[in-house]
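**Student:** Those protein sequence lines, which keep their order, are chains A and B.
Reminder that position 224 of the first sequence reads as 224 in our numbering, one-by-one numbering, no gaps.
Reminder that position 69 of the second sequence reads as 1069 in our numbering, one-by-one numbering, no gaps.
Wrong hints could be hidden among the right ones.
Stated by the list, open to error - Okay, derived cross-link-like pairs now, DSS-like style, lysine-lysine, Cα gap no bigger than 30 Å in a straight line:
| id | chain 1 | residue 1 | chain 2 | residue 2 |
| --- | --- | --- | --- | --- |
| 1 | B | Lys-1135 | A | Lys-252 |
| 2 | A | Lys-100 | A | Lys-180 |
| 3 | A | Lys-218 | A | Lys-108 |
| 4 | A | Lys-321 | B | Lys-1023 |
| 5 | A | Lys-39 | A | Lys-252 |
| 6 | A | Lys-321 | A | Lys-198 |
| 7 | A | Lys-252 | B | Lys-1186 |
| 8 | B | Lys-1244 | B | Lys-1186 |
| 9 | B | Lys-1186 | A | Lys-321 |
| 10 | A | Lys-39 | A | Lys-159 |
| 11 | A | Lys-198 | A | Lys-159 |
| 12 | B | Lys-1244 | A | Lys-321 |
| 13 | A | Lys-159 | A | Lys-108 |
| 14 | A | Lys-180 | A | Lys-159 |
Just so you know, the hints here were simulated from the structure itself, not pulled from any lab data.
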Amino acid sequence: MREITLSQAVNEALAEEMRRDPTTFIIGEDVAEAGTPFKILSGLVEEFGTGRVVDTPIGEPGFMGLAVGAAMTGTRPIVDLMFGDFIFLIMDQLCNQAAKTHYMSGGKLTAPLVLRTNLGATRRSGAQHSQSLHALVAHIPGLKVAMPSSAYEAKGLLKTAIRDNNPVVIFEDKLMYQDKAEVPEEEYLIPFGVANVKRVGFDITLVGTSSMVQVAEKAAEILALGGISAEVIDPRTIVPLDMDTINESVRKTSRCIVIDEGHQSFGVTSEIAARIMEQSFYHLDGPVIRMGAMDVPIPFSPALEDITVPTPEGVAANARKLMAGEMFHG
Amino acid sequence: MVDVIMPALGMAQDTGKLLQWLKQPGDPVAVGDQLFEVETDKSVMEVEASEAGFLTQVSASDGDEVPVGQVIAVISATADNVVAAAAPKPAPVPDSVAEPQKTHVAPVAATVPAAAPMSSTGASTGRVLASPKAKRLAKEQDLDLGALAQAGHPQPYHVSDLEVLRSLPVIGASPSGQTVIMVATKQITARCPRQGSRDFIDWMETDGAITVVPTAIFASFAAGAFRAATEAALVVVQVSGPDKDDVFLRNPDYSRLSVPAPETDDDATFVLHDLSDSFLTSLRLGDTTLPTLSIGADGDSYAITFEFSSEHMVDDQAIAFVSGLARRLADPLHHLV
């Protein structure tokens, strides 16, 4: 099968859905002529024109508010938020307006918009351009959250998101835009709330999101050298979250580490770990371990930045500790 | 290991209010470290540790009214078992009607020696730390994780430890059907002069022209003493020798000392180790599968050690058995009457 980059996969998904549905349009900063700083949208303005690939001034609350209104009145906006860190600027439009439109209107209105943005550290972008803030969004009822872990997921999940009748936020890892994966030529959709078992194992379950799926897979390879068989699960969407697949795996292996690049405290790892403990407690042979980013502003210093995020070696070390039945102290 | 108790700080004081712990469970504690603050009618005092160790088994929380003298924690040698046993909260205490404190009384020692490190036969006193899965499987399979704790295996326990638990010696079953593992045996030791038995053997060999081995005498005397103590109809003595296979003797006290007792396939009633030809004086093997008797020579005395558990016989029978055996060894005439 052909291999394309995550960036190309996103571009393809957008082009296919914009051809399919004339009510779709892209709006954001530097989306048309520049094709975004990551060159993801290159060529789209040539095909669809500036009427459907709309460059805005630097004013996130403004274009996000425009998009919510446009979504409520019959179009399907695809908002491009240049950095996930800027989500703080659009919290009211996203969380107070878009997330609650369907509920507050008694079901008469919907806001079928997609917010595409990114996450991920270790790009030397500093504390204000390196955060992974998806947990903030996942906390708000009414918002779906997709976290593609490869080009294949990026395309399939984005197409599903565009067709969803309610707001969806997609977080792409900005370090993975040039990563290639097998992506079929023919059309496909990936349903929300269906986790993907990336690797089958029997001793320990590693649940990873976004690029942490790769970290989990590398950790599984390290562990395999030591005779530990790790299962790797990619939930693909954290809202909705496929607990059935996670529970099934944890009940088989009895042990679990949850890995996510958001800050560890009050984050996605905590939520998944808590659900496992509620739902599979009597099948656990050890505590569910959370591994997120350190609870610090992401440092600019490369040496410091690299140690703030989970690594395959760190995951493997914790997995060995869990297998050995050692205690985890704060 | 010492208990930490609520001290009596006032003249007429029934309870103390534990204001706050100054150490957390598992914290290392040095002599003189402040452990907790206690509030009485008129004063707030800090109570110091009298021993070094780790603060464990904390059973009272900040704000609790605790009766004076109640154990609220233990200072132990290791940080293991920091979790308190599920101790009942102290009963609610009516508002104190104590006299206002008139004289200042220095805090008494906050600690008293613990009665015993751990009960030897009952369930372990602390809470057993185990994974939820290990606990569930243990429950489903009628296994007692407390036995692992008693056997000294480090906590917490996981599913793999259930294998160890299954391999521990299992004796009998409790009325609830749960298997019970006896780890501590009971022991009785005795000493008696050897001269009487020596003279007896000399007399048989010279006057009766019979060759007698001490082991046969020991087996015969022990069986006789055992029968007298327990009124057993059948006594099978498993004679364990250092260099040869064990021999199972059926009712050796019924045979003449000159004739070897008949061997049998029946299960042994108890094991006899004859140490009199060795430098060993006593054996304490802690094995509870069978009552075990050892007789060793120690100078001019026989040293008798008997190990048994309550599954085998009651204490009175065992005491009667050992004292009867010692009496026979000291003066073989007792065996004949």
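**Student:** The structure should be examined with respect to each hint, and the outcome stated for every one.
**Tutor:** Now for the hints, and whether the structure bears them out:
At roughly 17 Å between alpha-carbon atoms, Lys-1135/B and Lys-252/A fall within 30 Å of each other, so this suggested pair holds. A C-alpha spacing of about 37 Å is found between Lys-100/A and Lys-180/A, which places the hinted pair above 30 Å, so the restraint is violated. In summary, the hint linking Lys-218/A to Lys-108/A is not supported, as the alpha carbons are separated by about 47 Å, beyond the 30 Å threshold. At roughly 28 Å between alpha-carbon atoms, Lys-321/A and Lys-1023/B fall within 30 Å of each other, so this suggested pair holds.
Between Lys-39/A and Lys-252/A, the direct Cα distance comes to roughly 43 Å. Violation of the 30 Å bound is thereby established for this hinted pair. Annotation: proposed proximity of Lys-321/A to Lys-198/A holds, straight-line Cα distance about 23 Å (limit 30 Å). Of the pairs offered as hints, the one joining Lys-252/A and Lys-1186/B is violated, with about 44 Å between alpha carbons and a cut-off of 30 Å exceeded. Taken as a hint, the Lys-1244/B and Lys-1186/B pair is honoured in the structure, with Cα atoms around 28 Å apart against an allowance of 30 Å.
Simply put, Lys-1186/B and Lys-321/A have alpha-carbon atoms about 40 Å apart, too far for the 30 Å limit, and the pair is violated. Among the hinted pairs, Lys-39/A with Lys-159/A is consistent with the structure: their alpha-carbon atoms are about 19 Å apart, no more than 30 Å. For the hint pairing Lys-198/A with Lys-159/A, the CA-to-CA distance comes to about 21 Å; that is within 30 Å, so the pair holds. Taking the CA atoms of Lys-1244/B and Lys-321/A, the gap is near 48 Å; set against the 30 Å cutoff, the hint is violated.
Our distance criterion of 30 Å between C-alpha atoms is met by Lys-159/A and Lys-108/A, whose separation comes to about 24 Å. Between the alpha carbons of Lys-180/A and Lys-159/A the distance comes to roughly 19 Å, so the proposed pair stays at or under 30 Å and holds.
Hints 2, 3, 5, 7, 9, 12, counting from the list given before, are not met by this structure.
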